[in-house]
Amino acid sequence: MYRISIDQQLCSGFGSCAETAPAVFALDSSGTVTLLRPESDEENVVEAARSCPMGAIAVFDASSGDQVV
Amino acid sequence: MHDPTFWILARASGFTAYVLLALSVVAGIVLKSRPFGNRLKPATVTDTHRTLALLGLSALAIHAATLVLDTTIPLSVWALFVPGVSPYRPLWVSVGVLTAELMVIIYASFSLKKRIGVKNWRRLHWATYALFLGATVHGLMSGSDSSRTWALAIYLGAIGALTAAAGWRFLAPLTKGETYVPNLDRPAAL
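For the record, the sequence lines run as chains A and B. Mapping the first sequence onto our numbering, position 51 (from 1) lands on 51, and the numbers just tick up by one. Adding 1000 to a residue's 1-based position in the second sequence gives its number in our numbering.
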């Protein structure tokens, strides 16, 4: 299970996260990301975080608390 | 007898840095405008963009170091950092110096984007177009290989690739009935 954190200050609305993991990330009307679920066991959240050009997404292992991305 | 090793390395690394810079800018535009849709993973394009930029800076460092080490053109370390100091084609080498400094600033700004503010970082990223223009002018006007066919092919290939990518980035919205409105608060390429 992963815990996801978004730095809204950094989000620039590229949308790559919503494209990669649409069950977890979505773009709101202002063009910035909205977190649909704070935790997910989908592996693609890791790729979604890696795909963010701004490095605005952090993913943690929910059980250990270690940062994955 | 003059050993041409550093001179050859300086020219080769200059072209390498130029090509890597062009590819990095194109990758940045691809990341922003998604001309290939889902066929390219955003994470792959992001990694490619950053890696190409870092490799470009590495080639730039080799270009600068070998120019100082070579004796074909007497170039001091100062001439690498201060525009106008180079005795060889001072105007066009100065363009190269300023372009190189801008390249370092833009690359470093990624790590500093929270400190300088994301809006300022975005505005700064628009300067990548000026960066490419500066690198092209510097290479063409101060490069000793500029009259060679292969060198011109490299410049034309890079200009063509960047023009095509930027053309897509700015014109594609028009084909969907949208109007492109330049927004300096949005990143140009990354």
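Keep in mind that the hints were calculated from the coordinates and are not lab data. Wrong hints could be hidden among the right ones.
[Unchecked claim] Pairwise CB distance ranges (calculated):
| id | chain 1 | residue 1 | chain 2 | residue 2 | range |
| --- | --- | --- | --- | --- | --- |
| 1 | A | L35 | B | T1072 | 29 to 37 Å |
| 2 | B | A1127 | A | L35 | 30 to 38 Å |
| 3 | B | T1071 | A | G13 | 48 to 56 Å |
| 4 | B | A1130 | A | G65 | 49 to 57 Å |
| 5 | A | A26 | B | Y1129 | 50 to 58 Å |
Even for Gly, the Cβ is constructed at its ideal location relative to N, Cα and C.
Problem - Indices of hints not satisfied (ascending) - result: Structure breaks hints 1, 4, 5.
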